[in-house]
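Taking the hints into account, I'd like the entire structure generated from these sequences.
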Amino acid sequence: MRPDDDERDPKTSGLPPRHRVRAALAALRALYRKADAAYAPFSCPASGECCQLSVTRREPWLYLPEWLALMERTGGTVPPPRADGGCPFLDASGRRCSVYANRPFGCRTFFCARVRGPAREPIEQMAALSRQLRVLAESLAPDDAAPQPLSAWVARILI
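The sequence shown begins at 15 in the working numbering and counts up by one.
One should not assume that every hint holds.
[Unchecked claim] In silico SDA-like pairs for lysine to any residue, Cα to Cα no more than 20 Å straight-line:
no., residue 1, residue 2
1, K48, A142
2, K48, S144
3, K48, R134
4, K48, Q146
5, K48, R122
6, K48, R109
7, K48, E138
8, K48, I171
9, K48, R36
By construction, these hints were calculated from the structure, which means they are not laboratory data.
As structure tokens, then:
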């Protein structure tokens, strides 16, 4: 199979060719490592509170490469919506992320008030990484590069 043959596969219709997706996922993992390193001095209580999306009324917005990383991790399946309104990628206890290594950029930046660490979060570093993530998304899908809320990505699969 030639690298571009997968453009004709109905299962991947509308997605970039696999070789471009693989390259984008490798670049995404590098961005994630940088984000994790920037937040290494910080800690979170691991309560899962920030993952209770219906309670916090906040949810991560994902770019296409982030969604593809989640789909790679789960084999293309999405758990059904949770009765408690939590992130569908929480485990049965509602406290642990089942896709932790592939969690989106927004989930890596502790958007919760209970984060502990040095006096100041690495805001400038995260803004620069966020810009790089946007550029990566644009390189993968120029016409569909805008981030979408997690719930919108999930709805695409569950419908």
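*Pairwise hint evaluation, I171 against K48, where the allowed Cα distance is 20 Å at most*: Roughly 29 Å between the alpha carbons, so the hint for K48 and I171 is violated.
*Is K48 within 20 Å of A142, Cα to Cα?*
Holds, at roughly 11 Å.
*Do the alpha carbons of K48 and E138 lie within 20 Å of each other, as the hint requires?*
holds, 13 Å
_Proposed proximity, R134 with K48 (alpha carbon, max 20 Å)_ = With a Cα-Cα distance of about 17 Å, the restraint between K48 and R134 holds, given a limit of 20 Å.
*Holds or violated: are the alpha carbons of K48 and R36 at most 20 Å from each other?*
It holds: about 19 Å lies between the C-alpha atoms, which stays within 20 Å.
*Take the C-alpha atoms of K48 and S144, compute the straight-line distance between them, and say whether it is at most 20 Å.*
holds, 11 Å
*asked:* For a C-alpha distance cap of 20 Å, please report whether K48 and R122 respect it.
replied: holds, 11 Å
*With a cut-off of 20 Å on the C-alpha distance, tell me whether K48 and R109 pass.*
Answer violated: K48 to R109 is near 25 Å, above 20 Å.
*asked:* Next pair to validate is K48 with Q146; report whether the Cα-Cα distance is within 20 Å.
replied: Distance of about 11 Å is within 20 Å: holds.
Hints 6 and 8, counting from the list given before, are not met by this structure.
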